[in-house]
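Visitor: For reference, the chains in residue letters:
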Amino acid sequence: MSKTSNINRVDGFAKVTGSATYSAEYKTPGVVYACLVGSTIAKGRIKTIDTKKAEWAPGVLAVITHLNVDKPVGYQKAKDKHNFGQPLQIFKDDSVLYYDQPIALVIADTFERMQYAASLIKADYFKEEHSTELKKAADKEKKVDTDKGNDYHRGIQDGYKNAEVILEAEYTIPTEVHNPMELANIIAKWEGNKPILYTKSQGVEGTRKSVAGVFGIQAEDVEVHSEYLGGAFGMGLHTWPYEIAALIGAKKLNRPVKLVLHREQMFTNVGFRPYTIQKMGLGATKAGKLTGLTHEAVAMTSSYEDFMEGTVNMSRFIYDCENVSTRYRIIPLDTCTPIWMRGPGEATGSFALECAMDEMAYKLNLDPIEFRKLNYAEKDLEQNKPWSSKYLLECYEGGMERIGWKNRKNEPGSVKEGNWLVGYGMGTGTFGCYRSPTSVKAKFLPDGNLVLQCSVNDMGPGTATMMTAIGAEITGLPVENVIIEMGKSGLPKGPTQGGSATTSSVGSAVHDSCNLLVSKALELATQNPTFKGIAITDLTFANGLIAAKNDNSKSIALTSLLAENKLEGLEVENLSKGAEEAKKYSIYSFSVHFVKVLVNPNLGKIRLAHVVSCADIGTVINQKTSAGQMYGGAVGGIGMGLMEALEIDHRFGRPINNNFADYHVPVNADIEKQEVFFVNKKDPISNPMGTKGLGETALVGMAPAIANAVFNATGKRVRDLPITLDKIIETVKV
Amino acid sequence: MKNFQIIRALSSGSAVTNISKESSAMFIAGGTNLVDLMKKNVTAPDKLIDINGLDLKKIEFLKGKVSIGALAKNSQVAEDSSIKEKHPLLALALAAGASQQIRHMATVGGNMFQKTRCSYYYNTDMPCNKRNPKSGCGAIGGANRMHAIFGASESCIAVHPSDMCVALAALDANVLVEGPKGKRQIKFTDFHRLPGNTPEKDTTLENKELITSVEIPDNNFTKNVHYLKVRDRTSYAFALVSVAVALDLKNNVINNVRLAMGGVAHKPWRLTEAEEFLKGKTVSEEIFKQAANLAMKGAKSYGDNDFKLTLAPNAITEALTIAASK
Amino acid sequence: MASKKTDQNKVTENDSNSRRDFIKKSGLLTALAFTPPSLVMASENKWDEKIAEYLETVPLSIEVNGKMHNLNIEPRTTLLDLLREQLQLTGTKKGCDHGQCGACTVHVNGTRILSCLTLATMQQNAQVTTIEGLSKGKKLHPMQEAFIKHDGFQCGYCTPGQIMSGIACIKEGHANSREEIREYMSGNICRCGAYHNIVDAITEVKEGGKEL
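Chains as they are written, first to last, in this note's numbering: chain F, 951 to 1684; chain W, 68 to 393; chain Z, 11 to 222.
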């Protein structure tokens, strides 16, 4: 264990004292307050919009609608396709494409006056028939018009149908919403033609490009600050219409504008995990060898953007199976566009696949883990490549031991604790390890501190802490001497935070830049009289001290070296990329979630008595923050499994539970006993540290683990999430 | 939120006098529900009369009863050692409601005015007879998972969301009020009303009356009591169904019993027929099940809440069983 | 566009803005008698607006983190918005604005409450403690230290509310077991899911027995 393997979160002090500054909290002289007024219909056109009362209300500075907006020049570009990445152009015209679509921006001098004025705006519409229900819009089903949207076949198409034992089942997940605790928010201002945004973005560089596109300017002229994010879980991967609206307002008034969405708008305007129906077909021999697997998904998207995710991808490689088919279709509905939500695609797909695996294990009268082991994939059959590393079996073993799998009986409903039915279940998760080109500047300051700069964000997983740990490890400096500057434009360009790729991308860049920086320092040292005649390879650097390996008496502090050379610092900026070698391998993280549930069949109450989350994520850079992320991802999966669902009243095409009282996410009392286990073995291929990524696998596989445990406890197979109590009591016979 | 005037009342008399002068004035105490409703533009008073300065916070044990001031906080009552000892059902019900922060703010009197959590009531774009008479009921034929199975009407199927009120209904409490016409007393079970054709009226309180206290007569329900709250997560959620049970047992024979449910009707739903059935019987699961079935007479569901027809009797049986085993 | 402006110019007395309605209702003439002459003098233009602004606010004396503030605020201003937007104390967070998440938890006169559902004007002479009032310079409160040690957060947004609630949870005597802590901390939602570590942190502080 190294000194950096269990460090405290480096931004902890700021976060526990309230001094961490989130977007809407920047002290901005002259800032005024804005909000968006949403449409009250799901589809149609605005007939009239009465803004008069709002404009006359005290303190109101502007009311902007499609009638008076100065349309950004980027709006002129025609949209011939529905490609993802072309969000709704706010205030472009009178069309209403979804319920609560912004139809007016109200700006006033105080928060209270702005809120009141917004309530005075009333619109009339030409209503059109809306379509918000996936199950009733099958006629609009289509393929996504990209390579990724193509069907996949290996071996015999739908070969499962020829098997000795066949399982066919349909699984549904509802719309789920990210709902980070921090509301989507922005302070927007302009300096001449250059916009400055303090906003909730998971990708500073991405936001710069999007904003530049809308306003017809260069990305380099867009200044973005997103230094602290109060969570995002994917909703910060788009530049949303609200951000553009704030910029439009700020430009019109030539004043900084603060816009914070209401919690209600977080459900309607900034994406969600799409409602998805999946059909599984599994074929196996009586002995338990999978021979065929077909995975089909139909998911919602918006009417103006074709969104897709890798829902069916996991089924192509996670098990050893000769005949595999996958198909993915979308159906445009009158809603906002979905956006990747933690474990995008795989979280949805693993629910279907891992429940189906459980169902098949029962059909075969096999222990679910035994069944999986019988179909363990020794290599990636989709890409026909070896795994870079795979410790999935260790995850199974680690979890079985901790959860007490030996107490599980295959016969549903056969274990009791008092009046509670006991069930055990597990679900496998996986996610690809990606690495994006990343620039990091590493700089030794005259006082001996190390500064690491990168425009990447930290939405909560502990990116800054990871950078600190790697920087400290390589330079040998104490973690207290590492200073992180991140989350804003103007710094060396980092990736968007997402896809569990941040440590692999940014960590590697920190690793490379710090190594180069140390070399640079050592090189400088060889020119110092102290080390006359000593080769660079015979010098060491630790704790801010450069020393000769073979002669303790010869050393010099970095600070002295810099001073002697009259240097303001020593710096390296380096672009770090993945190695070609990595392309020969299939690199994935793996996780297995285990749960023990207690079910009261009379009340339908499901208690998670014990949750164990195991993962092979390669090297664990920092145990503390990684465990935190794993605990948290598991809680997200628990929400998905037991309670989260955006309910739509399709008569009106609008959600009816778009608030935190009625859309339930787990609370503290829901989480009784939680454990985390990391295999913690270095991946030899992925990147210099040997990490593989964690954020997604922390969630992927939890929902099926719960569903499988509930079946084991009750004999009730719930194939549509969430598993609310009504689905348990309806059919359980007591 | 519309701006408004706010004045601080110095006595209950002056509070009542003040509110009588204004057509659009309301009392405010804890504000946990009212401020929320004002933010949503469901309620928009011109004037608020802040009654927090009134001397109505005391819990007093008098001869034959306890008197709880209308301004006593939910947490104050829930954690009062004498309440816990003499009326543990009330303490349990209070502790099951909302969160501790909200219980620190919310008052006993205010809780009695808690508005329904029906989504259609909260959203001013939607039809709702309770919020906007004659606009229709969105919940009928809509999303009604939370909604009533007893005593609903074609106008409204909303439920009363309070936990405290379920216990007070079970405990035969009385509500003391002061109004322009003087003071009067209302039986707790008569305080809330069924929707009928006028769902906009939640209570039988007359215009401009102020609740000053709630009184609970002494009883023997100090041991075998339970408040079972069934909800979509373990805490900090409204009840789908809740059951308040108070048993007075002698050698396993039910000497006296009180039963009430929450989350099933426009008002706390007292199960008098089941109570009568249970009196004098010996405790058994079979008896409890029979009582639960009796309690379900006349129940009607609306689609999303069909499960309540199964859940409610199960919950009654479960709550009785737990209470009896204490 | 043009026709819209014309419409606006034709605003009649009937659909005049709400401010005038408000003045009418508050009894303008009576109110004027008490208005300082300087205010009238100073407002040559839009005098009614300025008087209205004055009349629409109420005085408030409130102590926040040991500092007394004498303010004039609108009655509709919540304690949360007062803290964040007027006093620039942004440590207290807005997560839902409707009492459904706990991010805005502060202590008022020693009790944890939700500042989003609290009208500031009703806290006359109250003593408010926010997350900014816990530490003494670099010296952290034991609960803050425990949250760092046990990693009781990720994004940090619910953290001030969790910490204020955690301290109160112990002071109230509701931290006697992990189960009790879980129940009494359920009013504070953490979407990052740090509950396990939050309970660890509170348990340690409780067992440490320091005066909070």
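Treat the hints as calculated values from the structure; they're not laboratory data. A hint or two may mislead.
Stated by the list, open to error - Cut-off 35 Å, straight-line C-alpha distance, at most; resulting in silico cross-link-like pairs (DSBU-like, lysine-lysine): (1) K1002/F / K1201/F; (2) K69/W / K1021/F; (3) K1391/F / K220/Z.
Visitor: Now look at each hint and say whether the structure bears it out.
Guide: Going down the list of hints, with the structure as the test:
The hinted pair formed by K1002/F and K1201/F meets the criterion: a straight-line CA distance of about 22 Å does not exceed 35 Å. A C-alpha spacing of about 32 Å is found between K69/W and K1021/F, which places the hinted pair at or below 35 Å, so the restraint holds. This hinted pair does not check out: K1391/F and K220/Z have alpha carbons roughly 44 Å apart, beyond 35 Å.
When the structure is compared with the earlier hints, a violation turns up for hint 3 alone.
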